[in-house]
Amino acid sequence: MEATLASIWLITIFFKIAFYFYVTVLGLSLLFKFQNYRPLIFPLGLNVLVLTLFISPNITYYNNMLSKTWWLVDFTFGLFLPFLLLVVGKYRVKKMF
124 MEATLASIWL ITIFFKIAFY FYVTVLGLSL LFKFQNYRPL IFPLGLNVLV
174 LTLFISPNIT YYNNMLSKTW WLVDFTFGLF LPFLLLVVGK YRVKKMF
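If you're matching positions, the sequence shown starts at 124 in our numbering and goes up one per residue.
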(Lines of atoms letter the chains of each structure in order from A; the text may use other names.)
(Lines give C-alpha, C1' and ligand atoms only; values in the text may rest on other atoms or scores of the structure.)
Protein backbone atom coordinates (compact mmCIF):
# COMPACT_ATOMS: atom_id res chain seq x y z
CA MET A 124 0.00 0.00 0.00
CA GLU A 125 2.74 2.46 0.93
CA ALA A 126 4.78 1.66 -2.17
CA THR A 127 1.75 2.32 -4.36
CA LEU A 128 1.08 5.66 -2.72
CA ALA A 129 4.74 6.64 -2.93
CA SER A 130 4.90 5.78 -6.63
CA ILE A 131 1.71 7.75 -7.34
CA TRP A 132 3.13 10.68 -5.37
CA LEU A 133 6.40 10.61 -7.34
CA ILE A 134 4.56 10.40 -10.66
CA THR A 135 2.41 13.40 -9.78
CA ILE A 136 5.49 15.39 -8.71
CA PHE A 137 7.17 14.55 -12.01
CA PHE A 138 4.21 15.71 -14.09
CA LYS A 139 3.81 18.84 -11.99
CA ILE A 140 7.46 19.82 -12.48
CA ALA A 141 7.30 18.99 -16.19
CA PHE A 142 4.18 21.12 -16.61
CA TYR A 143 5.68 24.11 -14.76
CA PHE A 144 8.88 23.83 -16.77
CA TYR A 145 6.96 23.69 -20.06
CA VAL A 146 4.82 26.70 -19.11
CA THR A 147 7.92 28.65 -18.09
CA VAL A 148 9.74 27.89 -21.35
CA LEU A 149 6.65 28.68 -23.41
CA GLY A 150 6.02 31.91 -21.51
CA LEU A 151 9.61 33.07 -21.95
CA SER A 152 9.51 32.29 -25.65
CA LEU A 153 6.34 34.36 -26.01
CA LEU A 154 7.78 37.16 -23.88
CA PHE A 155 10.93 37.44 -25.99
CA LYS A 156 8.99 36.78 -29.23
CA PHE A 157 10.87 33.65 -30.30
CA GLN A 158 9.50 31.69 -33.24
CA ASN A 159 10.14 28.37 -31.49
CA TYR A 160 10.36 27.54 -27.79
CA ARG A 161 12.75 24.60 -28.19
CA PRO A 162 16.05 26.57 -28.12
CA LEU A 163 15.19 27.65 -24.55
CA ILE A 164 14.71 24.14 -23.16
CA PHE A 165 18.35 23.17 -22.59
CA PRO A 166 19.64 26.51 -21.18
CA LEU A 167 16.68 26.89 -18.85
CA GLY A 168 16.92 23.25 -17.74
CA LEU A 169 20.62 23.69 -17.01
CA ASN A 170 19.88 26.84 -15.02
CA VAL A 171 17.22 25.03 -12.99
CA LEU A 172 19.61 22.17 -12.27
CA VAL A 173 22.45 24.44 -11.15
CA LEU A 174 20.21 26.75 -9.12
CA THR A 175 18.68 23.84 -7.20
CA LEU A 176 22.13 22.96 -5.91
CA PHE A 177 22.83 26.53 -4.79
CA ILE A 178 19.41 27.38 -3.37
CA SER A 179 19.03 24.23 -1.31
CA PRO A 180 22.30 22.36 -0.69
CA ASN A 181 20.73 20.01 1.89
CA ILE A 182 17.42 19.36 3.64
CA THR A 183 18.48 20.95 6.94
CA TYR A 184 19.34 24.23 5.25
CA TYR A 185 16.06 24.11 3.31
CA ASN A 186 13.94 23.49 6.42
CA ASN A 187 15.74 26.27 8.30
CA MET A 188 15.23 28.73 5.45
CA LEU A 189 11.61 27.69 5.06
CA SER A 190 10.85 28.23 8.74
CA LYS A 191 12.19 31.79 8.53
CA THR A 192 10.70 32.92 5.22
CA TRP A 193 7.55 30.86 4.64
CA TRP A 194 5.26 33.35 6.35
CA LEU A 195 6.24 36.02 3.83
CA VAL A 196 5.58 33.75 0.84
CA ASP A 197 2.33 32.54 2.36
CA PHE A 198 1.18 36.09 3.08
CA THR A 199 2.07 37.30 -0.41
CA PHE A 200 0.51 34.50 -2.45
CA GLY A 201 -2.28 33.60 -0.05
CA LEU A 202 -3.58 37.02 0.97
CA PHE A 203 -2.02 39.97 -0.85
CA LEU A 204 -2.25 38.80 -4.48
CA PRO A 205 -5.84 37.46 -4.23
CA PHE A 206 -6.90 40.71 -2.56
CA LEU A 207 -5.15 42.73 -5.30
CA LEU A 208 -6.90 40.67 -7.99
CA LEU A 209 -10.23 41.22 -6.27
CA VAL A 210 -9.71 45.00 -6.14
CA VAL A 211 -8.59 45.15 -9.78
CA GLY A 212 -11.55 43.00 -10.83
CA LYS A 213 -14.02 45.24 -9.00
CA TYR A 214 -12.42 48.34 -10.52
CA ARG A 215 -12.56 46.93 -14.04
CA VAL A 216 -16.22 45.93 -13.68
CA LYS A 217 -17.13 49.46 -12.52
CA LYS A 218 -15.14 50.97 -15.36
CA MET A 219 -16.92 48.81 -17.95
CA PHE A 220 -20.46 49.75 -16.83
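Don't read these hints as lab results, they were simulated from the structure. Glycine is no exception: its CB is placed at the ideal position from the N, C-alpha and C atoms. Treat the hints with care, since some could be wrong.
[Unchecked claim] Here are the simulated SDA-like cross-link-like pairs (lysine to any residue), alpha carbons at most 20 angstroms apart as the crow flies: (1) K191 <-> N181; (2) K139 <-> A129; (3) K213 <-> D197; (4) K217 <-> G201.
[Claimed, not checked] Label-pair restraints from in silico Cβ distances: (5) T135 <-> T175: 34 to 40 angstroms; (6) N159 <-> D197: 36 to 42 angstroms; (7) G168 <-> V211: 48 to 54 angstroms.
Okay, the hints, checked on the actual structure:
1. K191 <-> N181: With a Cα-Cα distance of about 16 angstroms, the restraint between K191 and N181 holds, given a limit of 20 angstroms.
2. K139 <-> A129: Holds, at about 15 angstroms.
3. K213 <-> D197: 24 angstroms, violated
4. K217 <-> G201: Status violated; Cα separation ~25 angstroms.
5. T135 <-> T175: 34 to 40 angstroms: 19 angstroms, violated
6. N159 <-> D197: 36 to 42 angstroms: Cβ of N159 to Cβ of D197: about 37 angstroms, so the range 36 to 42 angstroms holds.
7. G168 <-> V211: 48 to 54 angstroms: Once the Cβ atoms are compared, 34 angstroms apart, the range 48 to 54 angstroms for V211 and G168 is violated.
Consistency with the previously given hints fails for numbers 3, 4, 5 and 7, ordered from lowest to highest.
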